[in-house]
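Asker: If you read the protein sequences in the order shown, they are chains A and B.
Using this note's numbering, you'd call the opening residue of the first sequence number 1 and step up by one each time.
Using this note's numbering, you'd call the opening residue of the second sequence number 1001 and step up by one each time.
Honestly, I wouldn't trust all of these hints.
[What the hints assert, rightly or not] If the Cβ cut is set under 7 Å, some of the chain A residues that face chain B in the computed set are:
1) G8
2) N10
3) A16
4) Y18
5) V20
6) S21
7) V24
8) L28
9) T32
10) R35
11) R36
12) A39
13) Q42
14) V43
15) I46
Don't read these hints as lab results, they were simulated from the structure.
In this text, a Cβ means the ideal position worked out from N, Cα and C, and glycines have one as well.
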Amino acid sequence: MFEALYFGKNTLFILACYGVSVAVLSGLIAMTLRRRIRAIKQVAKINAKPE
Amino acid sequence: MFSYFANPIRFQKLCRVLVPVLGISAAVLILPAWWMGLFLVPSDYQQGDTFRIIYVHVPAVTVASLAYAFLAGASFVSFVWRHSLADSAARAAAPIGAALTFLGLFTGALWGKPMWGAYWVWDARLTSTLIMLFLFLGYLAIRGAIRDEIASARIGAITAMIGAINLPIIKFSVDWWSSLHQPASLFRTGGPAIDASMSIPLYMAMAGYASLFGWLVLQQMLSELDERRAFAIMQRAAGRIASKASTQSKGNPDV
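Generate the whole structure from the sequences, applying the supplied hints.
Answerer: Pasting the structure below:
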């Protein structure tokens, strides 16, 4: 399996680029989803409160 | 059109369709494009396997420039028509654009080392892209530093619009100045200079990154709308409680 990820002498550079891209894009998605869930919960909590 | 979607209810309705479409298209475009870029596409005759970095570098930089154009456009709409949704769109686009610009510069540096022998050179393309990162960060700093929301939106919008001058400089820097960075190979007169076997995954990745950008911006805008709604409901409730308390205290002379 690891052989497939071997691209010669510059393997480290290639994998670092893909790795950082995965990390940054995942971070953006996670940050956005966390804010979205928090906002939805906030509205739901306020709507559920009795007047 | 801007006024039509400035209505939050209409905007939320539009998002109900757009958000899943953008999210799904981002996933079905980016992941296969990366897989093809890493394992299917043949090696470049000059750069060997190192050219595979193109599938993460080019989409990041291209969509970062698009993000800046979007930021400047939304800032213009917010500045001229004072639409709060346009301001919300600009505020949502800035951190995403900054992250994509960082990604483009970082992957470019890792591509530059084996190809040029240096992580960084003060080349026109690289420098103008670095300026774009500073413009994104500057915009975010302005929005964070000024408390007054209207002043913050206006000063931020002016900064973003002035910074748009940098976009054609980024695009044409490789033609205007002698550059170490390769010239345009996709969007140029005479068609793309890359073979279809290599360019198709690249177009897929670019479309995927653009979809992801759209998905992230819309989700952030929806969150802001919900947060504002929650804040408004809380303020109304606090006002009701305060007025009830003042009525009670007026009726009771001991209080």
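Asker: Are there hints from earlier that the structure breaks, and if so, what are their numbers?
Answerer: Result: no hint breaks.
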